[in-house]
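Given these sequences and hints, build the entire structure.
For the sequence shown, the numbering used here gives the first residue as 58, with consecutive numbering after it.
Don't take each hint at face value.
[Claimed, not checked] Cross-link-like lysine-lysine pairs, in silico, BS3-like; alpha carbons within 27 Å at most:
1. K121 / K485
2. K305 / K167
3. K121 / K231
4. K301 / K167
5. K286 / K167
6. K305 / K231
[Said to hold, decoys possible] Distance windows between CB atoms, simulated:
7. P233 / F160: 36 to 42 Å
8. P364 / P285: 18 to 24 Å
9. L411 / A137: 16 to 22 Å
10. P441 / V349: 50 to 56 Å
11. P405 / F289: 34 to 40 Å
12. A178 / P285: 45 to 51 Å
13. L409 / F160: 31 to 37 Å
14. A172 / A435: 24 to 30 Å
15. T124 / K306: 34 to 40 Å
16. A137 / Y445: 27 to 33 Å
17. K485 / G397: 26 to 32 Å
No wet-lab data here; the hints were simulated from the structure.
Please read all numbers here as calculations on a predicted model, not as lab measurements.
Note that CB positions come from ideal geometry on N, CA and C, so glycine has one too.
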Amino acid sequence: MPTRNACAAALFAAGVSLCAAFGASGSAFAQPAPSPAPSPKPAPAVSPSPAASAAPTPSPTPYKLITINGFADGAYTSIAGSDKARFITGTPSRVFDGSTGPFFDANGGKQLAPANDFAGALDLQDVNLQVTLNGPFISGKVEGSFGTDADVMASNGQTRSGSNLTQAYAQAVKGPWTLIAGKFETEAGAEVIESPSSSDFNFSRSYLFGYAIPFTHTGARLSYTLNPKVTFVFGANNGWDDWKFAGKKKTLEGAILLTPTPGYALTLDTYNGNDFALGGLAGTGITPVAPVYTNRMLYDGVLTVHPTSALTLVANYDNGTQLADGTGAFATAHWNGFAGYADYQFTPVYGLALRKETFGDPQGFRTSIAQRVQSSTATFNYSPGSNYLFRLEYRLDASNVGAYTYRGYTTGPGRPDQPSIAVETVVKFP
58 MPTRNACAAA LFAAGVSLCA AFGASGSAFA QPAPSPAPSP KPAPAVSPSP
108 AASAAPTPSP TPYKLITING FADGAYTSIA GSDKARFITG TPSRVFDGST
158 GPFFDANGGK QLAPANDFAG ALDLQDVNLQ VTLNGPFISG KVEGSFGTDA
208 DVMASNGQTR SGSNLTQAYA QAVKGPWTLI AGKFETEAGA EVIESPSSSD
258 FNFSRSYLFG YAIPFTHTGA RLSYTLNPKV TFVFGANNGW DDWKFAGKKK
308 TLEGAILLTP TPGYALTLDT YNGNDFALGG LAGTGITPVA PVYTNRMLYD
358 GVLTVHPTSA LTLVANYDNG TQLADGTGAF ATAHWNGFAG YADYQFTPVY
408 GLALRKETFG DPQGFRTSIA QRVQSSTATF NYSPGSNYLF RLEYRLDASN
458 VGAYTYRGYT TGPGRPDQPS IAVETVVKFP
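Below, the structure is given as structure tokens:
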């Protein structure tokens, strides 16, 4: 039987082969790696206590060539007055915590999976496994997700069957330069895919995370650290959540990460390239047509401030545009939004996170309804140990039109708001 390290090495080797999915015509010049890039939420500078300064220096952590870790995330979400977290068009009104699908593959022009709903039922959202190669010059990561979240985050060209290869990339570091190639998470947004991350204060995800930005990219990314306070990012990839090359122009990435002091961080990034605008919906009664790709642009900014060691404030702004195709079949579409976060840790065990956001989709290109939505969220966090996290959350979504389902789908206007309450349990390992 092969050893665990041998299995992990084999998984990593399989992940490196993703570079082939990028396409021989794809650029090998790209944006910074997720791991070496400075954290968007640096801890504030805090003077050590006399007792801390007198404590003996801890023993260094033993070096491991291969590390394996992950987490399991389960939850229960109750939507008041409905068993579906959806807009009246059938599009999910929540991302990762209530509804999935229907899915449409923009590359192949086909519907991949039916809709599923988990409101009012226990939901195993994500069993996440990460295998990391910690080489001195060449390193990398393979991350797999299993559960209902996996189908949501799957890129076009990947199957949706309750499992997903979320990230798989090789990484090379030389001085201030870091290059990664394969499939990796986006630089955009304040929130990330992995629920127990320090970037995700709340259980539920924002509209900005679900509809304003991509989840992942397949391509290459290059970063240059000018000094500890400034890092530049460049990249080229197959577009928004595209696993394979679809015969369209590449999407270019660019970002600057600023950390002027340990208590402040600012990330500004942009994406520009051809992406899916419209196409036939196979299986819906509409005659399938070849996908139409036009230029898509995104401007994203995230500001993180630590006024005290217990308080973290975050502001996230997104502005996106999909240009018209020139024939009149698809008109230019815009979307934009702002989200503000406040996370206060009363003790290492108890904390409270608040989020307020607004998201505009005037053409209905992202949410399927021309609307402006808002959400107000309060999340109580309880972490009795480093490997356990429990959350209790109340959320109120609201739209300027009757957008939400009420006791099932409707043919006319739905209700203008959607209250919900949820509980989540996260167990990390090892």
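Hints violated by the structure (listed by number, smallest first): Hint check: 5, 6 fail, others pass.
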